[in-house]
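**Q** Sequence lines, in order, name chains L and B.
Position one of the first sequence corresponds to residue 5 (my numbering), numbered consecutively onward.
Position one of the second sequence corresponds to residue 9 (my numbering), numbered consecutively onward.
These are computed hints drawn from the structure, not numbers from a lab.
Don't take each hint at face value.
Pair by pair, the computed Cβ-Cβ distance ranges are [stated by the list, open to error]:
| hint | chain 1 | residue 1 | chain 2 | residue 2 | range |
| --- | --- | --- | --- | --- | --- |
| 1 | L | Thr-145 | B | Trp-51 | 44 to 50 Å |
| 2 | L | Phe-29 | B | Val-25 | 27 to 33 Å |
| 3 | B | Gly-47 | L | Leu-58 | 19 to 25 Å |
| 4 | L | Thr-55 | B | Gly-47 | 26 to 32 Å |
| 5 | B | Phe-76 | L | Leu-172 | 36 to 42 Å |
| 6 | B | Gly-47 | L | Arg-93 | 32 to 38 Å |
| 7 | L | Phe-29 | B | Phe-54 | 36 to 42 Å |
| 8 | L | Gly-190 | B | Trp-51 | 41 to 47 Å |
| 9 | L | Gly-188 | B | Ala-41 | 53 to 59 Å |
Keep in mind that this is a model prediction, so the values were computed, not measured.
Backbone N, C-alpha and C define an ideal beta-carbon position, used for all residues, glycine too.
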Amino acid sequence: MEIPYAVKIRPDTGLYNAKIGIWLFLASEVMLFGALFSSYILLRVNADPGTWPLHLLNVKLGAVNTLVLILSSVMVVFGWASLKMNNFRAYQVYQGITLLCALTFLGIKSFEYRDKFNHYEVQLKNGRIADGHINRANEDTNFFAFEAGRVVASHADLMVPAAADVKLEELKIPMSDIQDRADGKGKEIENYGPWHSSYLAIYFVLTGLHALHVIGGAIVIFAIWGPLAGVWKTDPERYINRVEVSGLFWHFVDLIWIFLFPVLYLL
Amino acid sequence: MREHTLEHAADGGGHSVEEAKKHMRTYAIVGVALMIGTGLTVWAAFINFGSREINIIAALVIASTKGFLVAGFFMHLISEKKLIYSLMACTVFFAAALMFLTLHSMSQGSIVHMR
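Using the sequences and the hints, build the whole thing.
**A** See below:
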């Protein structure tokens, strides 16, 4: 059975059905991310003074990832336009670059996540806080070892970037100097996972959901580019429509990141 | 035969072969503008405007401009059919309502006061 208006234009809408379908889907996505941005605003505005970190994330990596997604979006429209010009080879090259961009974006994002899971905050008995990246090569039950860390007076000192003259150094904190947890289950040692603070919770939710969209979009683009490429020979109109629809989704993913970058990395 | 088919497809999408050729240059220019916009966003975030609010407004204005470029040119929203515009108008209305209610909930005297 043939799906109606998959290629032919529906007279009443002036569009093929998949195009209406993807725009309806994107409308629902706007509301999904809108709800999460709304949560971000609520968490941020209601955060107690000195509890919302500034420039905690690596701005350079975030900016590079933004450029990577922009490049991928340009490649998607180039690929679509190449098909319109009947140049399948050029389309394959452009979409191949798009897929490489997707992998690069995810690679950088994974690196950033790993960095946060290796970043620890340790509450000391003298009221001060040790903060930095764990030294996993030097794990010892008697000490907590930092590869590069610093000791600060309060949480507020961790909410702003360290001054230029502050040097991070190797630290070995004796376990006996570390505060016991109130529930008696171990020490006050916690990494920068989503459980660490409201900021990191919303950061992981927003970027994690976005990364899932990147993965989903890349899988669809790859499927059309590779395993389903034969459709170009049998039904080129349908193939172009598929590329256009997957491209619309990809641009939306780029669009979301354009807002996530300043909101999470810069402000 | 294929050329004929593609032209036919272009009727509904609103983009002919000639248009596609012409638009590739536009896409490249928009791409460069987006990259410059990214640099501008980072630069503006580290400038001391005297008030943190100005940094936030500057970042959101630049992000919105970049968003317009992506939606308008890459997603072809500047030359779409009426139905898509209607759909987007509904989406923008509900998204704006969501943001309005969020901000309203944090103001004193709000009927959905949070605190």
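**Q** Hints first: check each against the structure and report whether it holds.
**A** Verification of the supplied hints:
no.: 1; hint: L:Thr-145 / B:Trp-51: 44 to 50 Å; in the structure: holds (48 Å)
no.: 2; hint: L:Phe-29 / B:Val-25: 27 to 33 Å; in the structure: holds (28 Å)
no.: 3; hint: B:Gly-47 / L:Leu-58: 19 to 25 Å; in the structure: holds (20 Å)
no.: 4; hint: L:Thr-55 / B:Gly-47: 26 to 32 Å; in the structure: holds (30 Å)
no.: 5; hint: B:Phe-76 / L:Leu-172: 36 to 42 Å; in the structure: holds (41 Å)
no.: 6; hint: B:Gly-47 / L:Arg-93: 32 to 38 Å; in the structure: holds (33 Å)
no.: 7; hint: L:Phe-29 / B:Phe-54: 36 to 42 Å; in the structure: holds (37 Å)
no.: 8; hint: L:Gly-190 / B:Trp-51: 41 to 47 Å; in the structure: holds (44 Å)
no.: 9; hint: L:Gly-188 / B:Ala-41: 53 to 59 Å; in the structure: holds (58 Å)
Every hint from the earlier list agrees with this structure, and none is contradicted.
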